[in-house]
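Sequences are here, hints too, so could you generate the full structure?
These protein sequence lines map, in sequence, to chains A and B.
For the first sequence, numbering that gives the first Met the number 0 gives the first residue as 0, with consecutive numbering after it.
For the second sequence, numbering that gives the first Met the number 0 gives the first residue as 0, with consecutive numbering after it.
Everything labelled a hint here was simulated from the structure, so no lab data went into it.
Keep in mind the model is a prediction, meaning the values are calculated, not measured.
Glycine included, every Cβ here is placed at the ideal spot set by N, Cα and C.
Incorrect hints may appear among the rest.
Stated by the list, open to error - Stretch-level coverage of chain A by chain B, calculated; a stretch enters the list once three of its residues show a Cβ under 8 angstroms from a Cβ in chain B:
#	region
1	9-17
2	20-29
3	32-42
As the list claims (entries may be wrong) - No more than 25 angstroms apart at the CA atoms, straight line, and that leaves these computed lysine to any residue pairs for SDA-like:
#	chain 1	residue 1	chain 2	residue 2
4	B	Lys166	B	Tyr147
5	A	Lys189	B	Val88
6	A	Lys46	B	Asp31
7	B	Lys166	A	Gly20
8	A	Lys189	B	Arg84
9	B	Lys162	B	Asp132
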Amino acid sequence: MSDRHLDSDDAFAERLARVLGAPERFGDDFERSLVAAIQADRPIRWKLRPRARVGTPAWWRTPATLRLSPLAGLALAASLAMVATLGAMRVARLASGIRPPAATVAAAAVHDTVTLVRFVFVGQAKTVSVVGDFNQWGAEPTPLVATSNGAWTASVPLASGRHEYAFIVDGTRWVPDPLAPVSSDDFDTKSSIVTVGL
Amino acid sequence: MHVTDRTDADLVMSAARGDVNAFAELSRRYRDGYSRFAVRMVGDRDDAEDVLQSAFIRAYRALDRCRDPARFGAWLYQIVANECRTFVVRRARRDRRLVHDELRLHETPAASAADGSDTLEDVQYALDQLDVDQREAFLMKHVEQLSYEEMAEITGDGISALKMRVKRACARLRELLEEVHDV
Chain A
0 MSDRHLDSDD AFAERLARVL GAPERFGDDF ERSLVAAIQA DRPIRWKLRP RARVGTPAWW
60 RTPATLRLSP LAGLALAASL AMVATLGAMR VARLASGIRP PAATVAAAAV HDTVTLVRFV
120 FVGQAKTVSV VGDFNQWGAE PTPLVATSNG AWTASVPLAS GRHEYAFIVD GTRWVPDPLA
180 PVSSDDFDTK SSIVTVGL
Chain B
0 MHVTDRTDAD LVMSAARGDV NAFAELSRRY RDGYSRFAVR MVGDRDDAED VLQSAFIRAY
60 RALDRCRDPA RFGAWLYQIV ANECRTFVVR RARRDRRLVH DELRLHETPA ASAADGSDTL
120 EDVQYALDQL DVDQREAFLM KHVEQLSYEE MAEITGDGIS ALKMRVKRAC ARLRELLEEV
180 HDV
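Below you can see the structure in the form of structure tokens.
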């Protein structure tokens, strides 16, 4: 163990501040771009850049795998059983005829202020999960289960209010629900909206 | 009078009437001072430049709400800090959707300094692991060297909450950086 442990908070912070205190300056183009943006009166949008971290120490790296808890799977199975009838009707409707990638949600059962909402995705996929504000945007993605009709479904208990969500297809592809209202964040990423119990 | 000789208050009043060049001069006065804070908060130079630009544009559009033009710098700092926080939170949301981030699998490992001292990459990456409140408080206190009173004015949070955040940030940073030096 090093003598770093002996540093007081202030001494430790001062040591880091020496490293972090290096100046950062942007070029004179900054004002040119600023004036152009102001004069164009465009909505403010941030660019979507990949977060390549060249130089990230190896010890920081974390495995980038999809984790699904067995308990979540059991809960999901139980939820699906609760809404089987309505779900089957909707899946049958969506699965008939031409099937472009499509998805929708249906409120199935209300328990106090929580509503069981069924998410349905129809399209070619090896795996599908749903992410949204209700599962911290994929901290624990909710997997959809393939049905015999070629649709993917999952039921999620949601509190009353407005929720945003999207599907993740094959682990990487972000697909907003084509049948739901769309919201767009400052990165211009499209998500879908479901309103529950209002 | 040359634009560089004008006071902040005078420039703010001109800019509020639509004089973009007056606002460009205000930007030149404060841009460098806030660049480091934005880069350290956001953890990426290009993103930080975008965030600073968007903060300055928001400030221009809200100039009629700058109650004390003589203290334009402090008012602008609030907008910059808020923009950095919003960016960090929304980027985290966006990043979480990339459940299989191939870029991470192709990172180039960088060795830490041979003498065990902290490199900017190590410290910045440790900083990125803190929650946004702690990161902001640590940077304001120890890198930008603001007083707790100034921090409270900028963030709108109480002094004791800010002190707690700084203390927790130090503890977490110490923990994270000890890992790298013990590896």
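Structure-based check of all given hints:
no.	hint	result
1	9-17	holds (count 6)
2	20-29	holds (count 7)
3	32-42	holds (count 6)
4	B/Lys166 to B/Tyr147	holds (13 angstroms)
5	A/Lys189 to B/Val88	holds (17 angstroms)
6	A/Lys46 to B/Asp31	holds (22 angstroms)
7	B/Lys166 to A/Gly20	holds (19 angstroms)
8	A/Lys189 to B/Arg84	holds (21 angstroms)
9	B/Lys162 to B/Asp132	holds (11 angstroms)
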